[in-house]
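A.B. asks: From the two separate chains plus the hints, produce the assembled complex.
From first to last, the protein sequence lines stand for chains U and P.
The working numbering numbers the first residue of the first sequence as 1 and each following residue consecutively.
The working numbering numbers the first residue of the second sequence as 1 and each following residue consecutively.
Keep in mind that the hints are not guaranteed to be accurate.
[Stated by the list, open to error] Computed list of lysine-lysine pairs in BS3-like fashion (alpha-carbon distance at most 30 Å, straight line):
#1 U:Lys90 with P:Lys225
#2 P:Lys82 with P:Lys197
#3 P:Lys82 with U:Lys90
#4 P:Lys90 with P:Lys250
#5 P:Lys225 with P:Lys197
#6 U:Lys63 with U:Lys181
#7 P:Lys90 with U:Lys63
#8 U:Lys59 with P:Lys84
#9 U:Lys90 with P:Lys90
#10 U:Lys176 with U:Lys230
To be clear, the hints were calculated from the coordinates, so they are not data collected in a lab.
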Amino acid sequence: MIEVVHVTHHYGIRPVLKDISLQADRGEILALMGPNGMGKSTLLAVIAGALWPVIGRVKIDGKWRRATPEDELAIRRQVVYLPAEPWLPKDRTGREWLLAVGRLYSIPETRLMDHVPRLLSLFDLETKGNEPIAAYSTGQRKKIALAGAIVTEAPVMLLDEPFAGGLDPSGILALKRIFQKHREDRDATVIMATPVPELVEDIADRIAIIHDGELIACDTLAGLQRQSGKSGSLAEVYESLVSAGSSSKIDQYFGGSR
Amino acid sequence: MIKRIFISYPKNWPFLNLKWILICLSIYFVFDLIALGLSWFFQVPIPPDFRRVLQQPQGWMLKIFLVYMGLARVFRPHPEGKPKYRNWLKTTPWHPGMPLPLGPITLNFYDLVLLAVTGFMFTKLGMHAELAILLFGIAYTIAVMLKLLSTGPARIDYLLSFGLLLMVWVLPDVRLAALIVVAMYPIEHWAIRHSLKSFPWEPQDEKHVVPLGWTFSRLGPEPVKIRVPVFDAFIVALLFGGSVYVTLSKSVPDVRQGVEGCLVFAGFFAALIRFGVYCGGNSNPLGIRARIATGRLIIPGFDQILVAPMLIAALLFAGLVLGSQRSFQPAEAGALAAVVVLVLFGMGPSLRRFRLTGAYNISKLNGKASRHNVSSSTANG
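Okay, chain P solo, but in the shape it has when bound (with noise of 0.2 Å):
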């Protein structure tokens, strides 16, 4: 029996794989034998109380075999982090637009037939049957963002996560939250479609890379590619302004200090390591003791990096006293971890035009700081 199921399973359905679903369905069927074997043993009905203690781990079982086929989904069939696989489909006829050979990445009718059953298997559990489309959605989209990252287009992964943010909002309205991951689905549906027009992505093999040494690395031709343009610097900022503005929104007043702590301690390291990123391999040119000895206090080549960082804390102090004098509002609190952000991200210099304009000495690194592209098939021979 089991093995007819394994052959005639739909084989475009390849993210599913049968034996998780089976060990999956074993232990939510194994709380009802439980509680079948108890009843019979006693004869007697089960009570509602001890029902319900058997209904939690049932209702955990199935949120998290929904988490993994949201995740899997994406994961499985992509070529995108399996080099086998996208290498051989280099070597075939396969183009965008025909089927993938490991099934699709976009959701089909077998994807609706699982969330219709979980779905029904939740209202058994006296749950919202929507909770089958937000956890597997959830997750869907997460996979998506992230594959996208290393598939492009990237940006697509601000529009998705304004919507998370918009979904966790709503919350704990699990109907409107499951609407708006459904309204996130055709987004995806033409990113994904979009990312597999630019096949085979080329992605950065890391044992095709060979470190230069800090001489090439630092002064050879290739720029650093470490970049964050002023859009995508004001983007996060306002994602991030977001996130903190819906946090502390839904939270009760007593946590919603210690986030806001936490997030002022993370405004202070963030600027140190900000800070500390523009310094890597790059030594002051003159320590204080020469500065004062030569009279030349300020070095703007150099000290131009410090404004940024002294601006957080300066924004950062402000917030402080604020909010020792009265209670930070969620949307006050957003929008000064969104500047802090803008700061951060999107205040000159950028690291490309310090390292090729700015007054530092360049300190001997450890050769692996710098990688450069070898092919393996010319690499050895």
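The shape of chain U in the complex, shown without the other chains (with noise of 0.2 Å):
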């Protein structure tokens, strides 16, 4: 289980997330969505280790992050985080680089030479797999890089916009089998960032929305209906709760070229 406690972060003077607490369970999907720059990211960096709050905690598992280098290294071993753009070696197969990922993680040797070409096959990435990185599309790279995050078996996975940056329809669709697959197979929480309420409607256990730094709801999609008083997807939901002037705006947009 994963629990952010009373999470505060600026950067600089700039506060960026506000006095944010939630908590993910095992075997939980949630998705943390959110207007661009209101804190999604940072917030799943915070949890992810990668930045240190400057008010609050993180506990995972029942250990708190950064308390004694054991704990740490126990929360390592479960977690996995995937940035937005992450860093790719170029010069390297993607081949070489998801095996190199797995043993990281001590992945059996046998497991990974049966994980790793099932990973390129469902990725389409079989021939490419054996190419440099450097030879890839941007959605290929996307791909090899969710696939890195897949093949460590992390049973927490934190994962930031992971259907954007140029992923095809079958790579979004091999992505949410996966998502649901560990779900319900390795009891896996995987908490993802994304502006886009369409890529997560059907697979998020929780929606958590983020707006201007501060949590205003997380919930089951019924439970946002029942808090937006709106009955429809979760883009309607997620517009009545965050985006209500969006529509006049564009009216206002359209209008003012008449």
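C.D. replies: The following block contains the structure:
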């Protein structure tokens, strides 16, 4: 289980996260949503341990992050974090990189040898997997980065905009299936940040909406519908909770052009 | 004749690159030939002063040759640092205790012959015969120390370093210095045999290493490998302090002042480097402006890394103030240097602990900062 306890974070003197508390249970897919620049990626980086919150703490499986070296190492063995723009070794093949990442997480060699080709095949990278990453397209780089996170078999996956970055429809579908399968079979927890409601509506167990650094809602789709008073899709609910003024802004824009 | 020598020279003397020996001897005897030629041409005996002028380059030739032999004696037959030889050796029935195919790393009878001959040549030049043992021994010891760093047992290097330091301290007594070098050999012999027991040492082969990127290197389950145990910090501090003491004891006052100045500068620089290593890729969670604005002037989880550099700066500053009032004794300078090195390497938090528990934000790094082993056989397929 992941617990975020009263987290506040600043960039310089600009507050980015304001007293955020939430939790994600084992086997749960939690989507962090909100407009651009409102703190989703920052919150994910705080949970991942890449940022140290100015106030507040993060607890994963009963252990506080960065409390003791032993606890921190235990957490790191359980968690994989994929930023929105991951670094990849351009002079190495995708297959080499996946094997190296798997070994870092102490995945047994036999399982790795079985898993890597299946992952490459899933993301349509069988041939490309043997070429240097420099030769990959943007979407293929996104796929190999996602495969890198999956190959770790970590029970906690923290993914920043996993569906963005040129991922094609088959890649999106494959990723959704993987998340669901990991949740069902391995009780994995997935926290992902995304600004697009349609991409997570069918897989997220709960949706946390962050606006202006504050957590304005964190519930299931049904719960959010009750909170917003709307009964439509996640996009409509999200619109009413976050971007209430956006329709009028659009009307205003087109009205001004007449 | 030359061909016969090449064929018949002892095969278990692999360090002897016969070509080099012949070249060195040729250069050595060229000077004697010049002297003989001039004597014959002018039909007069060579003046002693001119003979001494000719003997100088001969002496240097011998010294360079012995240093080369001392180094080559370890580097040439050692499987570490020769991937092809090491990999081939792995496939053979060779095991520790058997002779190495390229010859022994430990010294043998032929080395005694070499030292006896070169020692004799030194006496002909009016120098100590023991100089041959000293130069060969120093080079051999340094080569062994370098190899032990990668093959282990690395801590024997400390013992050998103290030996070298003692040897420098007794100089210019060449006989005593040579005796110390000889006394160190049993330790080197044991260390080499011990290190061969852990063959093939599994070195990190650069081409088989895949960079992982900052997320995996900084947040992955493998902690930073750089560790300086307190014992090592203490020994290194003692060694450094001892070196400073010996250097200053052997220097004239003018040079001593220059050395002290360099050491103070190096101390400040080392403190900065330590701070840089801890900060590498780790940024302050709150800048100065933000600290003032939020009233959180001290963030212990981050500011702890400032303590050691500040303590070093304070020690050096105190040393500078004291040094301006009266001249420093070598023992005092050595003690100060030892304390500075102890703080530099031994004072907490360790880099590993700070990386795992410190209050910092990770800055995105070049992925080459992180590498992880992958064997070539599996990487391609």
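A.B. asks: What's the verdict on lysine 90 of chain U and lysine 90 of chain P, does the C-alpha distance respect the 30 Å limit or exceed it?
C.D. replies: At roughly 33 Å apart (the allowed maximum being 30 Å), lysine 90 of chain P and lysine 90 of chain U break the hint.
A.B. asks: Regarding the pair lysine 90 of chain P and lysine 250 of chain P, is the alpha-carbon distance no greater than 30 Å?
C.D. replies: Given pair lysine 90 of chain P, lysine 250 of chain P is violated - Cα atoms ~48 Å apart, limit 30 Å.
A.B. asks: Are lysine 59 of chain U and lysine 84 of chain P close enough, with their CA atoms no more than 30 Å apart?
C.D. replies: violated, 50 Å
A.B. asks: Holds or violated: lysine 90 of chain U and lysine 225 of chain P, Cα atoms, limit 30 Å.
C.D. replies: Answer holds: lysine 90 of chain U to lysine 225 of chain P is near 25 Å, not above 30 Å.
A.B. asks: With a cut-off of 30 Å on the C-alpha distance, tell me whether lysine 63 of chain U and lysine 181 of chain U pass.
C.D. replies: holds, 26 Å
A.B. asks: Has the given pair, lysine 90 of chain P with lysine 63 of chain U, been kept, meaning a C-alpha gap of at most 30 Å?
C.D. replies: violated, 45 Å
A.B. asks: Given the proposed pairing of lysine 225 of chain P with lysine 197 of chain P, does the C-alpha separation stay at or below 30 Å?
C.D. replies: Cα-Cα ~24 Å, so holds.
A.B. asks: Are the Cα positions of lysine 82 of chain P and lysine 197 of chain P separated by 30 Å at most?
C.D. replies: holds, 17 Å
A.B. asks: Does the alpha-carbon distance linking lysine 82 of chain P and lysine 90 of chain U stay inside the 30 Å limit?
C.D. replies: Answer holds: lysine 82 of chain P to lysine 90 of chain U is near 29 Å, not above 30 Å.
A.B. asks: Is the straight-line distance between the alpha-carbon of lysine 176 of chain U and that of lysine 230 of chain U 30 Å or less?
C.D. replies: Since the Cα atoms of lysine 176 of chain U and lysine 230 of chain U sit roughly 26 Å apart, the hinted pair holds (cutoff 30 Å).
Hints 4, 7, 8 and 9 from the earlier list are contradicted by this structure; the remaining hints agree with it.
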